[in-house]
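Put the two chains together into one complex, using the hints given.
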Amino acid sequence: QKEVEQNSGPLSVPEGAIASLNCTYSDRGSQSFFWYRQYSGKSPELIMSIYSNGDKEDGRFTAQLNKASQYVSLLIRDSQPSDSATYLCAVNIDNAGGTSYGKLTFGQGTILTVHP
Amino acid sequence: KAGVTQTPRYLIKTRGQQVTLSCSPISGHRSVSWYQQTPGQGLQFLFEYFSETQRNKGNFPGRFSGRQFSNSRSEMNVSTLELGDSALYLCASSFGSGRMEDTQYFGPGTRLTVL
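Sequences listed follow chains A and B, in order.
Per this note's numbering, the very first residue in the first sequence carries number 980; after that it's consecutive.
Per this note's numbering, the very first residue in the second sequence carries number 632; after that it's consecutive.
Here chain B stands alone, though its shape is the one from the complex (with noise of 0.2 Å):
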């Protein structure tokens, strides 16, 4: 069974552009959740998407911003980038039953780098 997939795997921006990064879950999975991970702040949770609906968000700006579509891809777009937000993005993917047991997995992420 293919893992969850990520592209691209590195993105290299500068202040004030847009980036869309894209996520495929593992087959069945109907559940995208999107984190960013930082050395000083750790995984914190974006979004999450179930059958193209949001259903729980983060405390992150309105710049992020993020899609799901029919299939279960999802993309999460980040408008007027700034240095801070050079960081890996990770999506995960699950059932998302809402039961316990429902269980992420994890892509292997987007460095993205903003000069």
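Excised from the complex, chain A in its bound form (with noise of 0.2 Å):
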């Protein structure tokens, strides 16, 4: 089992729908989360951090934690031609049950691709 685990794509939604991705994550200690967005050609970037259970919002994007079932999810409002990339789930894992200082574990990405 791979330590972080996102819904395989590519995904695909119109123009105005509601885009959503998910992420599973193998250590039950992981505090801190993150959803990255790359564009092909470019570098990640930071999207949303979370680290408590339950929403957090920020304009059109939504991420979602639920630390008993180990998921973490992001909702794109709106959906945008421009949101069309490869989003990135993160996890902070530290199998010694300590802090892995610097870092993350990856998941593989999905590629959203959002047509007008």
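Misleading hints may appear alongside valid ones.
[Stated by the list, open to error] One-sided excerpt, in silico: chain A residues whose CB lies under 7 Å from chain B: (1) P993; (2) Q1010; (3) S1011; (4) Y1018; (5) S1028; (6) Y1030; (7) N1032; (8) K1082; (9) F1085; (10) H1094; (11) P1095.
Rather than coming from a laboratory, the hints here were simulated on the basis of the structure.
Model, not experiment: these values are computed from the prediction.
For each residue, glycine too, the CB sits at the ideal point set by N, CA and C.
Right, dumping it as structure tokens:
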């Protein structure tokens, strides 16, 4: 089992729709969860971070965290063609149960395409 | 506030050579993490430096090494290059507090091609 898994893509949604991206993680002790967006040929750009169970909203983006079920999701409302990119879920995992300094474990990414 | 910078942006080397990549963190950030990104393996953690000390290391061979200077700038070195080392090398900076809110911000990356 991979430490961080994302729903396989690619995901294609029409403009204006809600895009839903999911991620599960293996370490129950994980505390920090991040969503990055990566355009083709570019570096990852932070979209959202979440640390507590529940929802966190920022503009058109909502991150949801459920530690009991070990999943984190990202919803993009009113999707735009400019949202077309690869979305990376990242988790700070420390298998020793302590603090894993500077190490993020990434999922394989979900490619999102928003078509007009 | 200036972001993370990496130099060079592109590099072409041949097998057996060595390469040094540089990363300057966001002002005030003391932690620099390095990652390798390939189409097959995705983003993988190489190592992290804080206050000139390596605090964490991923599962890469000893050919991959790094260091950090007193101004928090970091370099990574790959010796005896192999074709499989062709990748996008990313560095990310953060405060390095170890607190869960500590967030990493990525530089533009260095695209290394090994021929």
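Against the structure, the hints come out as follows:
1. P993: With a minimum Cβ separation of about 28 Å from chain B (threshold 7 Å), the hint on P993/A is violated.
2. Q1010: Because about 4 Å separates Q1010/A from the closest Cβ in chain B, which is inside the 7 Å limit, the hint holds.
3. S1011: 4 Å, holds
4. Y1018: 12 Å, violated
5. S1028: Status holds, d = 6 Å.
6. Y1030: 5 Å, holds
7. N1032: 13 Å, violated
8. K1082: 5 Å, holds
9. F1085: Constraint on F1085/A satisfied, holds at 4 Å.
10. H1094: 24 Å, violated
11. P1095: 28 Å, violated
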